[in-house]
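Can you make the complete structure from the sequences, with help from the hints?
The lines below spell out each chain.
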Amino acid sequence: MPGLGTSFGRGGATVWLPDLVNADCILIEGSNFAEAHPVGFRFVMEAKERGATIIHVDPRFTRTSAVANMYAPMRSGTDIAFLGGIINYILTNDRYFKEYVAAYTNASYLVSETFKDTEELDGLFSGYNEETLTYDFSTWSFERDEQGRIKTDPTMEHERCVLSLLRRHYARYTPEMVENVCGTPRDQFLKIADTLATNSGRERTTAFAYALGWTQHSAGVQFIRTAAVLQLLLGNIGRPGGGIMALRGHADIQGATDIATLYDLLPGYLPMPSANRDEQTLDAYLKTNTKKTGWWVNTPKYVVSLLKAFYGDAATKDNGYCFDYLPQLIGDHSQLPTTFAMKDGVVKGYFVIGQNPGASGQNAEMTKAAMESLEWLVNIDSYENETVSFWRREGADPSKIATEVFFLPGATVLEKDGTMTQTSRLLQGHDKAVEPMGDSKSDAYYFTWLIKRLKELYAGSTDPKDRPILDVTWNYESDDPHEREKGEPSTLKVLQEINGFNTATGEQIANFVDLKDDGSTAAGGWIYTGVCPDKQTNRARSRDASGEYTAPNWGWAWPSNRRTLYNRASADPQGNPWSERKKYVWWDESAKKWTGVDVPDFPATKAPNTPANPEAGGMDFHSGSDPFIMMLEGKAQLFVPGGALKDAPIPAHYEPVQSVVQNELYSQQSNPAYGRYDRTDNEYNKPVDDRFPYVLTTYRVTEMSGIMTRYVPWLAELQPAAFCEIDPELAVIKGIKSGEWATLSTALGEIEVRALVSGRMRPIRLGGKKGKGKRVHTIGVPYNFGNMVALARGDSVGTLIPITLDPNVSIHESKSLTCNIRAGRRPANQRDAADEPVPSSERSHFGQPEGAWMSAQHGQSQKNEGEKQ
Amino acid sequence: MKTTIDLTKLVPGDATSLGERVGMLPNVASERTQHLKARISGAKAVTSVCCYCAVGCSTLAYVSDDGKLLDVEGNPESPINAGHLCPKGSALFGLTVNDQRWTTVKYRAPYSNRYEERPLEWALERIAQLTKKTREETFAREWNGKRVNHTLGIASLGGATFAIEENYMLGKLMHSLGVVSIENQARI
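If you're matching them up, the sequences are chains Z and Y in order.
Quick note on numbering: the first sequence equals residues 1 to 869 in my numbering.
Quick note on numbering: the second sequence equals residues 870 to 1057 in my numbering.
Hints are supplied without guarantee of correctness; some may be wrong.
[As the list claims (entries may be wrong)] Taking lysine-lysine pairs in the PhoX-like style, the calculated list, with each CA pair at most 25 Å apart, reads:
hint, chain 1, residue 1, chain 2, residue 2
1, Y, Lys-975, Z, Lys-486
2, Y, Lys-1001, Z, Lys-455
3, Y, Lys-1001, Z, Lys-452
Since the hints were derived computationally from the structure, they do not count as laboratory data.
Dropping the structure here:
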């Protein structure tokens, strides 16, 4: 999310999914689009039919690769080296989109003289503190003149301008380096780089699509940043058939980020107040978080409106709109640090709702062990899962576990009303089809019941700490007598509150430009303002797909129903389309406004020739040709200053924390700022550890999500059990046959899964001073299973994955690890292993090795070759 | 869209067009077959959204007159999925209608080795009491001389699988309790 946010301004996919058909080229990397987002993939196939070139870069040859025009293998975790290589190719060969880069990015800005790059400091940027493992960001800044204005060189030739810095920084990311580090053959790499450049510019656009293959790394945010830098250099952001498509995993993961159930965010990307910053009062908080220039000058309106939505009449100007009701952060309270806090006895009560960390959590055995320290666990779900039943997992002794456990039956999506935000920021309502089964209730019911009961339990309290509970508004009673009688609240009323209303008249607010910081408006999530513009309208439920392909009346996309973000950049600085072929949003001189097939992501009547006013604040600081309205200067950021990202202002390649090779580029092995837990219950495989010589990567299969599919008979029949995918050569080396058991190990533990010997996995060869011709095998394990319950089951790969934290979002590294593998079952189950037949349900699936290109015999000869190398 | 095929021009045994002919060739139907109707014929269609990945496929849930779920199909009107669903989406029926679902409260007492059935109201009351108790025991007003008004003793996990309205309510509820460890799958 911050990868996109710090580059462009908002933490969301820049693309409207159906717009992929307009691409001339689509690079899919960090995603198995065809299998993980099958229906969305139809737009890729349509683009291909229209003549687009589809490129897939991935450690595995998947169904996405099978239908792509080009496929290139790479070693998992080396995407920055690969994309950095393309950046180098684009800059060296002068194939970047000069007018776009000069006008719309910070390429011409001069970087401070005190800044030192990784090329000078062998893998570190200036300001690194080896004791705290963090950076001081003061040198990550731009040079300013006497008036405090950023110095620029419009020719982009100054040696300290951002573009020159990029040239130097990526100069060593040559095709040879890419081949040595990523294992991608040079000719394939060059063909891809050329294809991207050829399909970008005025007349053509290239789109990028990624998913968790880019995020789940110790430098995950930087992977996405590299893509952002490349797409900016190619001039593809904000244009039809361009952009970066972030393919999110869960149905409402974008919504759960927007209307944040995340520790560090309030709804609408407002930061949670922290005791580590100067944010003790509303004034101090607003001073810290209100930007002087760009759209975030409006922060006070959104914060005060949020507080009014939360605390209603109790929130007044005199009491700072109850700002002090909000708890303050003191550190990283995200899931994985919280898991350790639980193990250490700090967390006593845990609500887990529709998530199954007992199977899908990293260090899954430790996660379940941590729950033993809880006094109570409340789980809302539709099915028994590895989390709620942690106390009866293998090896646990229930008679020693004091935790009180509650399972509350949850309604499924078909049993309740609500709205979910899909991967292109599109809000779509779902209507209740049937009554919840048995005693099942919506999550909204449980949250409502709990707050109402707590209000009763705290009634009469005069302790200030209880005021938030007593004052929080909860006016969601359903107008439907049937639902009201059952205690089910009205989600429409909740959405109307998120949208916002006038606190005096109760009228809905139609656009966030009408929100105020004086308490006269309330809005729970300003970016969603406009979805319920009046009491009669819920645009998340508009279901008219007619008109332009942008389908403006099908659902509603934030912000303000804009489908492609930053679409001002689809026109040149003068406001004309870059080309007739790529016409999207442009300035209509006669009507004096922006027009096109989408809602302009720009002030509607601000002319392209409007000069910037350097004396002014807010939007007037931007000129009429600054498309990135959320940014301070209105430009997209090739260089991210000031520590908005904690590990790098421009991405550099580091090896995964657990890697089979040393870093070829720098002596700095892994991301210097990643978060680590050196504890006996979270042991890491050391880099280049002979005990763990193979790369381990994880992914999901089409037919499974997690607990929501493992009980569904049709799906369990298709994907009955956990498995690992290994290449035929490794199968021969290890004596592992398809369909039989294999045991995978890391320093953390072991799992046993069925082996699937498949030509989709192929060994690659590394080079250079560190790679030295090393032949690397990758083992893939689907991340869908758990071994306690359901029809489809098997050991969770989470058991093998230690907890690391990306420095920006605390995401773990689950896509690039190291492991070992052997034939057979793990010790606890070995006695059963002897002649146990493969169940017939599994036999059809785990047949002979796929990919007849390499028979077992052939694999043997390759093995010998590998040993010679 | 229906395709009309001129049946007189089909060549018997032409394997290449067999696939296109499925269901289009005249076949001998029994009296009973001729009067059979699709299970969803005449059923109410309710518009929903698939709850698996984030593509956001629109679905039609077909419901019988007595309120039973009959089937879930892709919504042909949607500009996103145009009626298509993947294997998971096609199996949405089995997520809701499934005899392995837990549709009642399960309670596991401390040190017990089994679940017990308990009334919903009892469980909710107990949860409210425990929430208050833990909050009282762990509430911190200050940290390093600064007001924090929070509890680290309670945490919440989940959000990406349920509605934005419910996410909003959960955040509002937890923040009002002083809970700061609020997380969902977005980092997962």
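Do the hints match the structure? See the list:
| no. | hint | result |
| --- | --- | --- |
| 1 | Y/Lys-975 to Z/Lys-486 | 20 Å, holds |
| 2 | Y/Lys-1001 to Z/Lys-455 | 10 Å, holds |
| 3 | Y/Lys-1001 to Z/Lys-452 | 13 Å, holds |
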